[in-house]
Amino acid sequence: AQTVTQSQPEMSVQEAETVTLSCTYDTSESDYYLFWYKQPPSRQMILVIRQEAYKQQNATENRFSVNFQKAAKSFSLKISDSQLGDAAMYFCAYFSMEYGNKLVFGAGTILRVKS
Amino acid sequence: DSGVTQTPKHLITATGQRVTLRCSPRSGDLSVYWYQQSLDQGLQFLIQYYNGEERAKGNILERFSAQQFPDLHSELNLSSLELGDSALYFCASSPREGSGFDNEQFFGPGTRLTVL
Numbered sequence: 001a002q003t004v005t006q007s008q009p010e011m012s013v014q015e016a017e018t019v020t021l022s023c024t025y026d027t028s029e030s031d032y033y034l035f036w037y038k039q040p041p042s043r044q045m046i047l048v049i050r051q052e053a054y055k056q057q058n059a060t061e062n063r064f065s066v067n068f069q070k071a072a073k074s075f076s077l078k079i080s081d082s083q084l085g086d087a088a089m090y091f092c093a094y095f096s097m098e099y100g101n102k103l104v105f106g107a108g109t110i111l112r113v114k115s
Numbered sequence: 116d117s118g119v120t121q122t123p124k125h126l127i128t129a130t131g132q133r134v135t136l137r138c139s140p141r142s143g144d145l146s147v148y149w150y151q152q153s154l155d156q157g158l159q160f161l162i163q164y165y166n167g168e169e170r171a172k173g174n175i176l177e178r179f180s181a182q183q184f185p186d187l188h189s190e191l192n193l194s195s196l197e198l199g200d201s202a203l204y205f206c207a208s209s210p211r212e213g214s215g216f217d218n219e220q221f222f223g224p225g226t227r228l229t230v231l
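As you go down the protein sequences, you meet chains A and B in turn. Quick note on my numbering: the first sequence kicks off at 1 and runs consecutively. Quick note on my numbering: the second sequence kicks off at 116 and runs consecutively.
Just chain A, same shape as in the assembly (with noise of 0.2 Å):
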């Protein structure tokens, strides 16, 4: 089964510098998908920023950026230029090819941002 692991429970940023968020899995897939969500206070899941595991380029979303290391089976997140708005439960999300039906979650990251 597929897992995904946040080593970090909380992250702290201050307001427009460059916070990376860590991620990591375990499949035996070659292919897949891996997502960014965001979760703020109301709770809404928000999709930050998504990768397909055969692409080498990582992905960028205006601030957003990741870092994938297939090999490593490490997906992190970048966030440049902190706003307050970022602040917020992040979640690292896997999504299988071949058994496509659900996303994995990891426990997810706190992200505080000071001004």
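Among the clues, some could well be false.
Cross-link-like lysine to aspartate or glutamate pairs, in silico, EDC-like; alpha carbons within 20 Å at most [stated by the list, open to error]:
1) B/K172 / A/E98
2) A/K55 / B/D217
3) A/K78 / A/E17
4) A/K114 / A/E10
5) A/K55 / B/E169
Note that these hints are calculated values from the structure, not bench results.
Starting from the structure of chain A, add chain B where the hints point.
Just chain B now, kept in the frame of chain A:
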């Protein structure tokens, strides 16, 4: 706004009771997924329906059941409720079943269930 609606937003009930959570997917989406978010279990997949048929099951208890109706809305039924069932229940929808970048899951706002 993801386009996925869930009702009710909050539900408070007692142990042993039965409740029904409702989800309306985005227009055109045929797949509906249910997830449970609790403090001790985190976010976990419960069940998926595609065009009225059950497609995948996760860690769903036997006391829980779901269905998807011809109009594609879905209901999650929770019975013989226990204190540990208190959680945030999310519904998500996607255009089709299976994987694919174009099959992104869009999440509803969730239903907060409190069992007293």
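task = Would you mind confirming whether the straight-line C-alpha gap from A/K55 to B/E169 stays at or under 20 Å?
result = Given pair A/K55, B/E169 is violated - Cα atoms ~31 Å apart, limit 20 Å.
query = Regarding the pair A/K78 and A/E17, is the alpha-carbon distance no greater than 20 Å?
reply = Within the cut-off at roughly 11 Å; holds.
ask   = Keeping to a limit of 20 Å between CA atoms, is the pair of B/K172 and A/E98 held or broken?
value = At roughly 15 Å apart (the allowed maximum being 20 Å), A/E98 and B/K172 satisfy the hint.
task = Assess, step by step, whether the Cα of A/K114 is no farther than 20 Å from the Cα of A/E10, and give holds or violated.
result = holds, 13 Å
query = Holds or violated: are the alpha carbons of A/K55 and B/D217 at most 20 Å from each other?
reply = It holds: about 16 Å lies between the C-alpha atoms, which stays within 20 Å.
In this structure, the one hint that does not hold is number 5.
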